[in-house]
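Asker: Letter by letter, the chains look like this.
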Amino acid sequence: MLLVAGIAQEEGSSPLFFFLMSLSPSIGSPYTLLREMKSDERGMWLFGFLTACARCVAAGSLDSASSGLEQISLLASPDGDIVQRIVAYFTEALADRVLKGWRPGLHKALNSTKLTCAAEIILAQKLFFEYCPFLRLSYVITNQAILETMEGEKVVHIIDLHCFEPAQWINLLEELKARQEGPPHLRITGIHEQKEVLDQMAVRLQEAAEKLDIPFQFCPMVSKLENLDIESLRVKSGEAVAISSVLQLHSLLAYDDDTMRRNSPSVPNNSSSVHLPGVLHMNPRTLGDFLERDVMSLYGASPDSQSSPPPKTLSFLNALWGLSPKLMVVTEHESNHNCHGLMERVDEALKFYAALFDCLENTLPRAPVERQKIEKFLFGEEIKSIIACEGLERKARHEKLDKWIPRLEFAGFGKINLSYNGMKQAMRVLQSCNYDGFKIKEESGYFIICWHDYPLFSVSAWGFKRY
Amino acid sequence: MMSDEGLASSLRGFIQDPNPNLPNPNPNNSNPNPNSNAAKRKRNLPGTPADPDAEVVALSPKSLMATNRFLCEICNKGFQRDQNLQLHRRGHNLPWKLKQRTNKEVKKKVYICPEKTCVHHDPSRALGDLTGIKKHFSRKHGEKKWKCEKCSKKYAVQSDWKAHGKICGTREYKCDCGTLFSRKDSFITHRAFCDALAEESARFAPIPSANLNFRNELFNGGLSSLQPAGNPQFSSSIAGLDPATGQLNLNGQKPRLPLWLDNANTQLNNPIGNHPGNSNAFLASSSTSLPELVQMTPTNMLGLSSQNQWFNSGGNASSSGLPRVLKEEEENRGNLSDHISSLYYNNGQNSSQHETAPAHMSATALLQKAAQMGSTRSNSAIFGTGFGLMSSSLSSLSNFNSLNQSRNELQNFGQAENLNGLMTSTSQSTITTNQGDGLLLGNMSSSNNLVGNLRHPSAPPTIMPGSTDRGGSQSKSSGNEAEGGLTRDFLGVGGNESRPFLQQNELVKFASSMSSAMDFGNQ
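Here the protein sequences come in this chain order: A and C.
If you're matching positions, the first sequence starts at 67 in my numbering and goes up one per residue.
If you're matching positions, the second sequence starts at 36 in my numbering and goes up one per residue.
In case anyone wonders, no lab produced these hints; they're calculated from the structure.
A few of these clues could be false.
[What the hints assert, rightly or not] Subject to a maximum C-alpha distance of 20 Å in a straight line, what follows is the list of computed EDC-like cross-link-like pairs (lysine to aspartate or glutamate): (1) C:Lys209 with A:Asp519; (2) A:Lys505 with C:Glu207; (3) A:Lys442 with A:Glu240; (4) A:Lys450 with A:Glu214.
[Stated by the list, open to error] A few chain A residues facing chain C, derived, Cβ under 7 Å: (5) Asp106; (6) Gly109; (7) Val149; (8) Ala421; (9) Asp424.
Glycine residues also receive a C-beta, built at the ideal position from the N, C-alpha and C atoms.
Just chain A, with the same shape it has in the complex (with noise of 0.2 Å):
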């Protein structure tokens, strides 16, 4: 081929080439150069090619984008190295929203008989708060928070939003029966979507409580997060409320997003997730008055929407709020994956992802089916959501602490620096598990924990101000 030599009078000198040329005609050779190249190089040029393959979805370009995914896919597997792994989970959300987009009657088709598999995702979490030393970190900063918060008080009102691991309550109930004044009378109330999961942590929770005899009781709470009914929750009053939101507030937003679609389709909604500075720092007391304007648009809902619901994070935040808890501690994932842009997303999601599996494969070097578990059920459906979905059915809208920020102080609520006793006790679940490589960071009061400086899950301590 005449462009074949011309590129190799340019190249000229490299060996390597003309050997190529020899091997042009046979199909699988390019690939087995690939596979030959040295797994960095190769993990290097999958992530550029990836990148590339975004683009052009980004772009709308499908033809180029399919057969570009085709070409990666090829090279990427669940089974492969970090690079291949981490590039095949993207991959198939680029693919399933290619599919989508293009031929939304084939896609439809083809997940028919799709069945959420809540076991294994369950699973997966399981597998991740076992192997991953995040949600023990979170937890055990949370429980001192409460601890540090529910001194002096005689009953404690404990509400988490996402009650699947008895051990984080276990936890808390030895922490409180070695509380000087002896522990208070506790109340949990669990919520989560599947009963049988609320049984067994019924089970593990009574068990614990009755060893320690700590008047305990457990309200099981069989919900979805954004159906919840906070009057069911029967907080009494005289209870000292905290909350536990462990990687939850998140889902929320998928509910604004498509809200403010419905009410203003043609707005561009590059703003969706955007806090105006001047509406930082509110007082709910001026709620009513600023509520039709700017706070709308905070949530990214167009002034004119005044028949519309109020955004359902705010709604939710608000009634949380109602409650006047002492102490709310939220968790959540420290990236922007709630972009507009496609782009934004994946490039923000590959930075996070490739942290996270690299922090995995680290913990997990001898463990490959558990890892590929929590890779595929846990990392790999947070990646299809961001980027396969759209309006409601992303539920993965991760954001940085700073845009909760806003979000929590407008609803009411003020910050409580995260003491110094937590930190300690984070410290020693990584030191005592032999966790190595993660670091925890105080940031005004906030915890960012990282995983060798790249930051990765944020956890900050709130308290209903009253006003």
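Following the hints, complete the assembly by docking chain C onto the known chain A.
Answerer: Same frame as chain A, but now just chain C:
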């Protein structure tokens, strides 16, 4: 005359222990400085109090460490100074007398250390300050009673301990190997060595020797202050050293460090041998003392930090001759390490993190590297053309480095002309990266007369990035439209719809270009 019991005893405390070096003190002399005879003979060295008439006071260890030598007989309260005691006696209605300041000029007093093995025991090396000699005595010959909470470092003098406590843990430099430093210079020095060793262990054997040669040259340059005119000697001495690396392997350390130290040795020794004019007295003395220090370095290789301590302790050495030499060395080391760092760090190192080349880089590092290498820019030319554009691979092959450097310039249309024709394809791709417009991507299929295509009227600034996501049909149609309109493949054959993203041949070429480019970049 103040001959009270308490006073006499306290005075006796000030009386020097018998010292053969000094003439007979006068125990009965009320003057607390009984050795006024001695100093007048000796001249002080430069750097010490220049007053030849200074009285040399030799205090016994007991009196040196004494606090509260003056006791009140009524209440047994101790005072460090007689004056204070007198004032206190007033309170008891006891007869008191404050000594007047002497009319004649106050004689400057210098103090010597009672410890015989100490350098400061010699009157010519006396210290000028009583507090100073007290502190010196405690530091060097005393027991370290004060301990830092954080780092368990011990101090004999409370003020030292306090001062350390203020800085302990406040400002810390941490090397990648995990060693902590409180001083910037020691950190820099260590890091130079630390990286050097890490690199050495990660790469092949030839490279360290190459680096050593570099370092030698740099060392020449760096130490020019020590030896202004000695370069020829240097190169010869160092050339002589290379094969002798094995010999100079002190205490089983890896060759690098001893080579450095031996450079220091030889360089310091050379001036003395070859440049008598240059040799100061202190250089001469230091050449003898340096070997001692060299041998002080610990045996283990991981004692980079301990070597650093050597530097530090050298800095703190009480012997006055050494610190000067070492300070110069440290400065030069600073220069040296800067040179070394710039050698070991490839230029264009954006991230502050030093990426050694482990067997497998982490995914995060690979991602960063892919992004750095222009995956959002040049690689999109490589990968994102998808329409059989050969020129992009050409440009990537031949212009890889220049591409890296001119990455930021590729933002604008207008600057496309600055680049050669081969680069225009990549410039097009860079434009697409930021805007994510499929239409411009469609442009990438165009052929060599690219500049013309850049200004194609349907190059669409109007398509918003946000809208591409919504309802694929809208943008898709426009994208396809643009593609159809602008698509020209390399050979001028129109119609790009059926082209696969990357033909297999192209894939081959891109792969080879990647690998060659990577080698290129890695060099």
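Asker: Evaluate each hint against the coordinates.
Answerer: For each hint, the structure was consulted:
A hinted pair counts as satisfied when its Cα atoms are at most 20 Å apart, and Lys209 (chain C) with Asp519 (chain A) qualifies at roughly 14 Å. Between Lys505 (chain A) and Glu207 (chain C) the alpha-carbon distance is near 17 Å, which keeps this suggested pair within the 20 Å criterion. Proposed proximity of Lys442 (chain A) and Glu240 (chain A) is contradicted: the alpha carbons are some 34 Å apart, above 20 Å. With a C-alpha separation of about 39 Å, the suggested pairing of Lys450 (chain A) with Glu214 (chain A) is violated against the 20 Å cut-off.
The closest approach between the C-beta of Asp106 (chain A) and any C-beta of chain C is roughly 5 Å, which is under the 7 Å cut-off, so the hint is satisfied. About 4 Å separates the beta-carbon of Gly109 (chain A) from the nearest beta-carbon of chain C, less than 7 Å, and the hint is met. Hint status for Val149 (chain A) relative to chain C: holds, with the closest Cβ pair at about 6 Å, below 7 Å. Look at Ala421 (chain A): its Cβ gets to within about 5 Å of chain C, closer than 7 Å, so that hint holds up.
Hint status for Asp424 (chain A) relative to chain C: holds, with the closest Cβ pair at about 4 Å, below 7 Å.
Of the numbered hints stated above, those contradicted by the structure are hints 3 and 4, listed in ascending order.
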